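Could you build all of it, start to finish, from the sequences and the hints given here?
Going line by line, the protein sequences match chains H and W. So the first sequence is numbered by this note's numbering: it starts at 1 and just counts up by one. So the second sequence is numbered by this note's numbering: it starts at 158 and just counts up by one.
Treat the hints with caution; some may be incorrect.
Simulated coverage check for chain H against chain W, where a stretch passes if three residues somewhere in it have a Cβ under 8 Å from a Cβ of chain W [what the hints assert, rightly or not]: (1) 39 to 50; (2) 96 to 110; (3) 142 to 154.
Hints were generated in silico from the structure; no laboratory data involved. Because the structure is a prediction, the values reported are computed rather than measured. A virtual CB, placed ideally from N, CA and C, is assigned to each residue, including glycine.
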Amino acid sequence: MPKVSMTVNGKPVTGNIEERTLLVQFLRENLRLTGTHVGCDTSQCGACVVHVNGIAMKSCTLLALQMEGASITTIEGIAPSPTELHPMQEAFRENHGLQCGYCTPGMIMSALDIVRRKGHDLDEHTIREELDGNICRCTGYHNIVKAVAAGARAMAK
Amino acid sequence: MTATGIGAAVRRKEDIRFITGKGQYTDDVVRPGETRAVFVRSPHAHAKIKRIDTAEAARMPGVVAILTGADLANDKIGNLICGWMIHSKDGSPMKMAPHPAIASGKVNHVGDAVAVVIAETRAQGRDAADKVKVDYEELPAVADPAKAQAKDAPQIHADIPNNTIYQWSLGDEKAVGDAFRGAKHVTRLDIVNNRLVPNAIEPRAALAEYDAGTDNLTLWNTSQNPHVARLVISAFVGIAPEHKLRVIAPDVGGGFGSKIFIYPEEVVCLWAARKTGRPVKWTAERSEAFLTDAHGRDHVTHAEMAFDGDGKILALRAKTIANLGAYMSTFSSSIPTYLYATLLSGQYGIPQIYCEVDAVYTNTVPVDAYRGAGRPEATFVVERLVEVGAREMGLDPADLRKRNFIKQFPHQTPVIMAYDAGDYNASLKKAMELADVKGFGKRKRDSARHGKLRGLGYSTYIEACGIAPSQAVGSLGAGVGLWESAEVRVNPTGSVEVLTGSHAHGQGHETTFAQLVSERLGIPFENISVLHGDTDKVQFGMGTYGSRSGAVGMSAIAQALDKVIAKAKKVAAFMMEASEGDIEFKDGKFTVAGTDKSAAWDDVALNAYIAHKFTGAELEPGLKETSFYDPTNFTFPAGCHICEVEVDSETGRTEIVNWTAVDDFGTVINPMIVEGQVHGGIAQGVGQALLEGAVYDKDGQLVSGSFMDYSMPRAHDLPSFKLGLTETKSPSNPLGIKGCGEAGAIAAPAAVINAITDAIGTEQISMPATAQTVWSALQRANAARQAAE
Ligand code: FES
Ligand code: FES
Chain H
1 MPKVSMTVNG
11 KPVTGNIEER
21 TLLVQFLREN
31 LRLTGTHVGC
41 DTSQCGACVV
51 HVNGIAMKSC
61 TLLALQMEGA
71 SITTIEGIAP
81 SPTELHPMQE
91 AFRENHGLQC
101 GYCTPGMIMS
111 ALDIVRRKGH
121 DLDEHTIREE
131 LDGNICRCTG
141 YHNIVKAVAA
151 GARAMAK
Chain W
158 MTATGIGAAV
168 RRKEDIRFIT
178 GKGQYTDDVV
188 RPGETRAVFV
198 RSPHAHAKIK
208 RIDTAEAARM
218 PGVVAILTGA
228 DLANDKIGNL
238 ICGWMIHSKD
248 GSPMKMAPHP
258 AIASGKVNHV
268 GDAVAVVIAE
278 TRAQGRDAAD
288 KVKVDYEELP
298 AVADPAKAQA
308 KDAPQIHADI
318 PNNTIYQWSL
328 GDEKAVGDAF
338 RGAKHVTRLD
348 IVNNRLVPNA
358 IEPRAALAEY
368 DAGTDNLTLW
378 NTSQNPHVAR
388 LVISAFVGIA
398 PEHKLRVIAP
408 DVGGGFGSKI
418 FIYPEEVVCL
428 WAARKTGRPV
438 KWTAERSEAF
448 LTDAHGRDHV
458 THAEMAFDGD
468 GKILALRAKT
478 IANLGAYMST
488 FSSSIPTYLY
498 ATLLSGQYGI
508 PQIYCEVDAV
518 YTNTVPVDAY
528 RGAGRPEATF
538 VVERLVEVGA
548 REMGLDPADL
558 RKRNFIKQFP
568 HQTPVIMAYD
578 AGDYNASLKK
588 AMELADVKGF
598 GKRKRDSARH
608 GKLRGLGYST
618 YIEACGIAPS
628 QAVGSLGAGV
638 GLWESAEVRV
648 NPTGSVEVLT
658 GSHAHGQGHE
668 TTFAQLVSER
678 LGIPFENISV
688 LHGDTDKVQF
698 GMGTYGSRSG
708 AVGMSAIAQA
718 LDKVIAKAKK
728 VAAFMMEASE
738 GDIEFKDGKF
748 TVAGTDKSAA
758 WDDVALNAYI
768 AHKFTGAELE
778 PGLKETSFYD
788 PTNFTFPAGC
798 HICEVEVDSE
808 TGRTEIVNWT
818 AVDDFGTVIN
828 PMIVEGQVHG
838 GIAQGVGQAL
848 LEGAVYDKDG
858 QLVSGSFMDY
868 SMPRAHDLPS
878 FKLGLTETKS
888 PSNPLGIKGC
898 GEAGAIAAPA
908 AVINAITDAI
918 GTEQISMPAT
928 AQTVWSALQR
938 ANAARQAAE
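Okay, structure coming up:
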């Protein structure tokens with residue numbers, strides 16, 4: 001089995017994997033980072049979003065072998081320390097932007113990417129359009145939209 | 158109100174693990190030596206299985222076992238069952254066809270399992286499953302419920318002619334007929350309540366492990382009701398005795414009804430785990446979920462409403478064909494009967510109602526409860542009839558509703574339900590103010606200037622929740638009682654664990670249940686934890702669905718807390734050498750009336766366990782109480798949703814521009830969580846009205862079988878919502894709670910369609926009202942208008 005090496009949440013990792021292993025499988029099954037979820041098989045739901053070299057990508061749509069040398073960040077890797085939350089995580093909690101929590105890691109990772117691309121002052125329309133790749137069945141998005149706006153503002157501080 | 162008590166918008170305890178990626182969903186659980194189950198599924202809607210050849214597949218790398226329906230039958234594994242008996246109007250019992258966990262002899266829907274491969278990895282399992290050769294003899298199929306009873310329709314199950322499961326009725330047909338004959342105006346509608354796929358974002362999963370040393374089986378399962386799963390799997394399917402089977406439903410990623418039911422896959426995982434001696438895990442892929450999760454709705458209805466000359470409703474009559482799919486799922490029989498026809502009175506005083514329901518088999522995935530379950534279908538019928546009736550009679554739709562609202566409580570409807578409390582005028586009035594209905598005319602003219610058609614639609618819905626009094630549901634055919642259990646354990650240090658038979662899969666019980674305890678015991682919120690979802694910890698429970706966890710589950714906790722306080726008072730009396738009757742308990746402190754003696758909660762808890770102040774003969778040590786709470790009635794949440802849309806007449810595209818919801822949920826424990834439930838419900842209701850539809854072609858292939866073709870509501874399909882509350886307490890439970898989980902999904906579809914039809918000026922529109930559907934309706938209406946001119 002071929003070998004792959006990458007950095008995940010700041011730590012170097014290596015694995016011998018089957019060619020067809022998806023990045024999300026590698027994260028969940030090999031590294032036991034189960035915060036990244038799988039909600040579909042057609043690249044539609046966004047439950048699997050992680051950052052690859054700082055850019056949001058759907059980890060169900062990438063082969064782990066493609067990630068040779070890449071730097072991956074997952075939901076487990078965004079908080080500044082084990083006892084603190086990232087402002088975007090805090091905003092989701094404060095605004096009740098989650099219910100069952102299954103879509104939440106992908107939502108937060110996508111939200112961070114929206115901030116990276118669109119800045120800290122996000123209007124409702126922009127957030128709704130930019131969340132196009134993430135499906136939530138629980139919240140009706142109302143509070144997710146509020147959370148993303150609040151999180152983006154908090155990140156500017 | 159305290160900062161963490163009843164009524165406070167406390168932030169959720171459960172959030173930390175979810176936002177940090179530390180949730181533990183079923184697929185996250187890994188057991189040593191775990192294997193993966195991959196199912197071989199039928200590509201045909203209806204076919205005989207002539208031969209299954211597993212020889213080549215069995216030689217594939219990593220294969221541990223391949224099992225078929227014949228193996229299942231050899232091991233005498235029982236069928237899955239439907240647990241609610243419905244009798245036809247001729248008195249005959251419903252016709253329940255056998256539902257084996259793996260088909261043998263014949264497949265009845267696309268996705269029906271024909272074999273399972275147990276392999277070391279999922280990829281190996283898939284490779285081997287591809288090599289399982291199944292010879293099918295295709296049979297004609299029927300997917301459309303309206304065609305299932307036709308003479309030339311293929312019969313799906315032996316001995317069940319016309320694919321008819323039951324022909325049920327409720328109400329007085331003759332009295333309704335008389336009322337219609339005396340009517341001044343009759344409104345008639347043909348309604349298709351579109352078939353939906355629940356699509357919780359966490360796919361269903363099961364992991365089974367067998368311990369040969371103890372002969373115990375453990376199942377981790379995406380379940381809304383692990384105890385009921387254990388009961389059915391042991392008592393009916395016969396996998397293991399109840400005391401040898403532990404079911405754990407850990408974090409569950411949404412359910413909406415679809416995770417209530419007992420499914421073939423968990424049965425197969427348990428059976429295979431014992432057979433192979435290895436843990437067996439199955440996790441649905443989304444496309445597999447589309448073909449195996451119980452779907453929702455799928456009614457074809459003709460409905461009529463009779464009015465007198467003053468716009469008073471005289472009677473309602475409905476005839477519905479309900480599609481239950483290829484097999485009867487766990488509670489499927491009750492949804493289009495006692496959860497549907499009993500709500501056809503809506504918020505109105507309707508003297509006579511008659512409803513007939515034919516439930517039919519088709520070659521489709523089983524259909525069962527989906528958020529609202531029967532009540533959205535009923536609300537759609539009633540609220541469309543009222544709205545269209547008003548338009549036909551030239552009356553204001555809000556005014557017609559007011560004329561017919563029930564104003565006196567209790568109110569006995571002609572369809573079983575006894576409404577106990579409500580104020581329908583209050584929610585309508587408040588919603589109309591919040592939605593600025595007065596300013597609608599101006600907004601409509603503004604829209605017209607931009608070439609847009611603006612419409613406004615009401616839905617004044619009612620639902621029966623807090624499911625349900627055991628005696629009542631027992632008399633209607635339920636195989637179980639629908640009470641709930643709670644155990645309150647006070648530890649020697651005074652911290653509290655609540656064990657509940659309710660199950661949370663997004664509802665935030667760990668928070669709201671702790672709020673109740675914090676308020677009643679006056680102890681810090683952080684000192685309380687709520688445990689659920691494990692049959693080894695909680696003795697029994699009925700689980701979460703039908704907006705029952707507040708009204709029934711929390712009432713059980715309240716009762717157990719009363720018992721705990723009563724016992725703690727006895728302990729305090731011994732401690733302070735006072736008589737029990739003089740002990741008062743308030744804000745976490747016990748005092749002796751008329752003295753300055755007091756004891757803190759923590760001291761009393763410790764004393765209950767060290768038992769130094771009393772003998773065992775006087776009082777048993779310990780502080781732990783259990784309660785089983787059975788409600789005295791359903792609860793009746795109700796409210797008014799107002800939807801305002803703009804339709805682009807060129808493209809038919811509908812945009813929801815305003816949404817107002819005013820709901821009466823009785824007591825609200827945590828307004829933040831309640832609002833979240835309403836948001837989510839509305840989104841699912843809007844999904845049904847505008848976007849979602851499970852489409853089968855005539856051969857029984859599911860055309861909309863993935864998120865590519867089944868349109869899930871996304872953030873940009875929805876507006877932000879304006880919410881308000883009114884409150885009448887439910888008199889049927891000690892907390893006055895009515896329940897909020899389903900309201901949005903129940904109210905929303907009618908509000909959307911009433912708004913669109915108001916905008917486009919024709920009632921001939923079906924759900925989902927996609928741009929194409931609306932555009933076509935506009936073209937037809939224009940053509941008809943031109944022809945008439
Ligand atoms: S799992 Fe990656 S988009 Fe759905
Ligand atoms: S919180 Fe459940 S899917 Fe988004």
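Going through the hints against the structure:
Counting residues of the segment 39 to 50 of chain H whose beta carbon lies closer than 8 Å to any beta carbon of chain W gives 7, which meets the minimum of three for the stated coverage. For a cut-off of 8 Å, the count of residues in the segment 96 to 110 of chain H with a CB near a CB of chain W stands at 10, and the three-residue condition holds. Residue count for the segment 142 to 154 of chain H with a Cβ under 8 Å from a Cβ of chain W: 4. That meets the three needed, and the coverage hint holds.
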